[in-house]
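Colleague: Sequence:
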Amino acid sequence: MVSRPCLFLVLSIAASTLVDAFSPPTLSVPILGLGAILFKPRNKIAKCEDEASLVDAGRFFVDAFWRGKIGGAAELTPSQASSLERQQIAEFKKRYKVSRPASGRLPGNYAGRSLDKESELVLCLDSRGECMGCAGIEVETIKKLDGYDGSFRAPLMSNLAIGRQFRRKGLAEDLVSAAESIARKEWGYDECYLYVEKRNSPAVKLYKKLGYKVLWEDDTATTLLPKENGRVANGQTTIVCMKKRLGAGLLGMFS
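Numbering-wise, the numbering used here puts 271 at position 174 of the sequence shown, and it's gapless, one number per residue.
Don't take every hint at face value.
To be verified - Below, a list of computed lysine-lysine pairs in the DSSO-like style, where the Cα atoms sit at most 27 Å apart:
#1 340 to 191
#2 141 to 240
#3 240 to 282
#4 240 to 137
#5 241 to 340
#6 166 to 310
#7 324 to 144
#8 240 to 306
#9 137 to 191
#10 241 to 324
#11 340 to 282
Keep in mind that the hints were calculated from the coordinates and are not lab data.
Work out the full structure: start from the sequences and follow the hints.
Modeller: The structure is reproduced here in structure tokens:
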């Protein structure tokens with residue numbers, strides 16, 4: 098998990114049936130790549146509304162994001178997977194609201210996010226309701242440009258992950274569009290921010306194609322890394338903060 102002073106955030110890079118609240122802007126960037134056009138699986142974008150789905154998303158995220166994470170081990174040991182699963186579920190429960198907490202006991206403590214809290218976990222589901230991808234969006238504190246003191250509150254997209262068998266098929270673009278739509282249409286913001294590791298060049302490249310621009314870099318950040326020896330340790334990394342203007346269509350890519 099990536100951390101900065103006073104922030105604990107994760108971002109990764111790792112459908113087409115959208116409800117009105119998730120419909121993309123008229124001039125949104127099209128799905129990228131021939132593979133996305135020809136082989137995009139049928140899918141549905143939906144908010145995570147119940148605690149059980151939040152727990153399932155946490156488990157999905159461990160496999161989709163932590164296994165083979167850039168800079169870490171190619172596979173997870175059972176101990177690593179169990180430890181990361183507990184931490185990820187706890188983080189999701191802390192950060193994202195649900196309208197239907199579980200009646201029974203589920204992993205992790207659910208503190209109960211306020212229903213008026215501006216935070217959502219968005220899921221990409223197949224026809225059976227199985228998770229193919231996820232992305233989080235929440236209003237968070239963002240540091241101003243390097244060299245300037247102070248901070249401000251704005252939508253921050255994070256925890257974007259796509260299952261390995263579904264990558265490069267346009268699902269990440271759908272999740273980004275859905276998260277941006279929540280920030281703009283439901284919360285009234287005209288900007289969206291994200292943090293991504295600089296060494297995750299495929300993710301940086303994708304976000305740039307989707308209209309995000311680099312604001313600053315922080316080379317003092319740390320992230321958890323599953324190691325080949327079976328441990329999970331902190332490692333140093335460089336975090337890139339990126340920003341996109343929302344609601345301006347293609348013109349927003351150049352603002």
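Colleague: Compare the structure with each hint and give your call.
Modeller: Against the structure, the hints:
1. 340 to 191: 24 Å, holds
2. 141 to 240: Violated, at roughly 34 Å.
3. 240 to 282: Within the cut-off at roughly 24 Å; holds.
4. 240 to 137: Roughly 36 Å separates the two Cα atoms, so the pair is violated.
5. 241 to 340: Holds, at about 11 Å.
6. 166 to 310: 24 Å, holds
7. 324 to 144: 33 Å, violated
8. 240 to 306: 23 Å, holds
9. 137 to 191: Not satisfied, since the Cα-Cα distance of roughly 32 Å exceeds 27 Å.
10. 241 to 324: 34 Å, violated
11. 340 to 282: Measuring from Cα to Cα gives roughly 18 Å; hence the hint holds.
Comparing the model with each numbered hint stated earlier shows that hints 2, 4, 7, 9 and 10 do not hold.
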